[in-house]
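Sequences are here, hints too, so could you generate the full structure?
Number of protein chains: 2
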Amino acid sequence: MKFNIEYKDTGSNARAGTISTAHGNIQTPIFMPVGTQGTVKGVHQHELENTIKAQIILGNTYHLYLRPGTEILKKAGGLHKFMCWDKPILTDSGGYQVYSLKGMRKITEEGVKFQSHIDGSRHFFSPESVMDVQRIIGADIVMAFDECTPYPCEYKYARNSMHMTHRWLVRCINRMNTTDPEYDFDQTFSPIVQGSTFPDLRKESAEFIAAQDQDLNAIGGLSVGEPHEDMYAMTELVCGILPADKPRYLMGVGLPENILESIALGIDMFDCVLPSRNARHGILYTKNGLINIKNAKWQDDFSPIDADSDAPTSRIHTKAYLRHLFKVEELLAGQIATIQNLSFFLWLVSESRRKITEGSFNSWKSQMVKAVSQRL
Amino acid sequence: MKFNIEYKDTGSNARAGTISTAHGNIQTPIFMPVGTQGTVKGVHQHELENTIKAQIILGNTYHLYLRPGTEILKKAGGLHKFMCWDKPILTDSGGYQVYSLKGMRKITEEGVKFQSHIDGSRHFFSPESVMDVQRIIGADIVMAFDECTPYPCEYKYARNSMHMTHRWLVRCINRMNTTDPEYDFDQTFSPIVQGSTFPDLRKESAEFIAAQDQDLNAIGGLSVGEPHEDMYAMTELVCGILPADKPRYLMGVGLPENILESIALGIDMFDCVLPSRNARHGILYTKNGLINIKNAKWQDDFSPIDADSDAPTSRIHTKAYLRHLFKVEELLAGQIATIQNLSFFLWLVSESRRKITEGSFNSWKSQMVKAVSQRL
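If you read the protein sequences in the order shown, they are chains A and B.
Okay, so the first sequence: first residue is 1 according to this note's numbering, each after it adds one.
Okay, so the second sequence: first residue is 1 according to this note's numbering, each after it adds one.
Just so you know, these hints were derived from the structure itself, not from any lab.
Predicted model only: the values in this text are computed from it and were never measured.
Heads up, some of the hints might be wrong.
Identical chains blur together in the list; that is why a pair holds if it fits in one copy or across any two.
[Stated by the list, open to error] When the alpha-carbon atoms are kept at most 25 Å apart in a straight line, the in silico SDA-like pairs for lysine to any residue are as follows: (1) Lys41 x His281; (2) Lys87 x Asp301; (3) Lys327 x His117; (4) Lys327 x Arg122; (5) Lys113 x Val328; (6) Lys113 x Leu66; (7) Lys41 x Thr318; (8) Lys41 x Pro304.
Pasting the structure below:
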């Protein structure tokens, strides 16, 4: 994997670059739609590529490990072939998912014992086994196995957890360095900065991660309920330490305004379930603000869902029609709304990129942050 | 509405023609996907038009009357505009739906009192009011308000019901003749033959309907649980009485083999929820037979879902992938399966048309009836 920074913003730390992977290039800043179980919910792969214009998607190791499982994925020749998606894929490590299994998992130095949320069957994830699973999934970008601390978090817990995440990181890197890719392309490994909302821990973690000298670095444990100011403060602190010539990935972020502010701090990559999950509940994102399409006010509004959208379905269909589809709980409701939201998130990052290349990102960002957070 | 018969099969009563409507032409024989509430479940309108190649779709008056309701539909300028579908639409009369509301409806000579399945609210459908609703929906083809008798049905009930359907038919025609279309295009009215599985009643009903001299004639009350032999016998009997120069529509039919056999008897139009409903349960129709994609036998079958399909998603994706999507209950499962089934049903009728024009329909039909009813 290579990263070439093509433009740097003058008024902020934003930058525009190109990441090269075995499955093609990614123009940054970029948002990665979440495709948990080998599909972005309600969206065809050709829509993801041609309408939403996704350049990379995210898969969840925990879910893919359980279903379809490594045996099927291996026989298929990896996730790209299994799901017919030949652009880049990043897989998380499953850490976030197994820690969410409250009462059904036990964390030790060795790894995490957990029970499947589907059938209660018992499994074990270690830093080594999770690297092996991601080898079989065949992601272009493989994430470290870490512990994502909740918010709020006791200082002592956060420190101990971070140190374990660092020890696990060494084991992950060792495993990656002593195993070969399962298929005929290279995989890039990314460590993850932790440390909750404590500046000294974030500093220590960022320095430890920077010292590993990997091709990509991620910031985890944010967008978990902390105030936005804390998210931005931690992101700014960590961005100042992580190497400037490597892509920075802010995991699980976030709202459109979070993405814009974080681009200004030097973040290159984002992922979040928000646009797709909220779409299925009738919350639409547009450049003019939020729409709750279930509201009665839209019932006879025959204007387009979003006249500015890159998605034909949002330009052609009316708010009244989409509201009707939600009220009668039709499948097409979630399909149209998901395309709207993901198209908007991809527009948001590509427009950010354009503004960076034009040197006008920072002033545009300030206007957009206000616009996108309004409720229509 | 005009109907032009272009080819007649030599070995059967099958014919190939063109129906002209204000929203374009329909090449027969044709299958109409069911779009109950202003959407064919899980399918975008552009997929319906370009991938599935639907030429006409069916809407349900009962459902559209309840939601979004006539006020919204009128403001939208009719269903075509509301749902962005500018090809022909046929609406059923709601008769079948209100009769299905067992214990929540009362039938009298005047019409049917019923309670909404959604909120229990009270409503009344008469032959006149149902014509008015279909005027507001703005369907190209408006169906008569009839009683669809169940199977099995007592002779006396079937006879009395049929006579009421005939009296209602006169009221429907009178209402259509004394009202204008709501929008700037003509609507065609279709009476419906009833009479259950009793040859003398079917004969009487077909003669009564033929005497109305309408531009389209329909056969109702079949495909409701009777043996296929009875369905074919009644269809043959009625086709012999209905005018040969007008399209014949066999309502609610059916399995691929039913469609093929009924085309041979002189039927031109079909509709059924089967391909779309069964798709959502993992039952796929192909020219080689039925596939239950949830079966474990497909879990590592990496051959295309249907290599012969007109639908790219069925040629690109594997059976193993689609099975996975069904097992993890992903939205995309139903989407891909619905496109598969509707594409197949539209292929089936267009291929029937091609065989009729080539004069080889009957022998091809015999082979296909065997092939499509196999289980793979």
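Is it within, between, both, or neither for Lys327 and His117, if the alpha carbons may be no more than 25 Å apart?
between (30 Å within a copy, 14 Å between copies)
For Lys113 vs Val328, is the C-alpha pair at or below 25 Å within one copy, between two copies, both, or neither?
between (42 Å within a copy, 23 Å between copies)
Could you figure out if Lys41 and Pro304 sit no more than 25 Å apart (CA to CA) within one copy, between two copies, both or neither?
Both, since 23 Å and 21 Å are each at most 25 Å.
Within, between, both or neither: Lys41, Thr318 at alpha-carbon 25 Å
both (22 Å within a copy, 18 Å between copies)
Since the copies are identical, ignore which copy is meant and state whether Lys87 and Asp301 lie within 25 Å (CA to CA) inside a copy, between copies, both or neither.
Answer is between: at 23 Å across copies they meet the 25 Å cutoff, but 38 Å inside does not.
Using 25 Å as the alpha-carbon threshold, which applies to Lys41 and His281: within, between, both, or neither?
Result: close both inside a copy and across copies, 13 Å intra and 17 Å inter.
Same-copy or cross-copy closeness of Lys113 to Leu66 [CA-CA at most 25 Å]:
Cα proximity of Lys113 and Leu66: one copy only (14 Å, versus 52 Å across).
At most 25 Å between alpha carbons: which applies to Lys327 and Arg122, within, between, both or neither?
between (40 Å within a copy, 20 Å between copies)
In summary, this structure violates none of the numbered hints.
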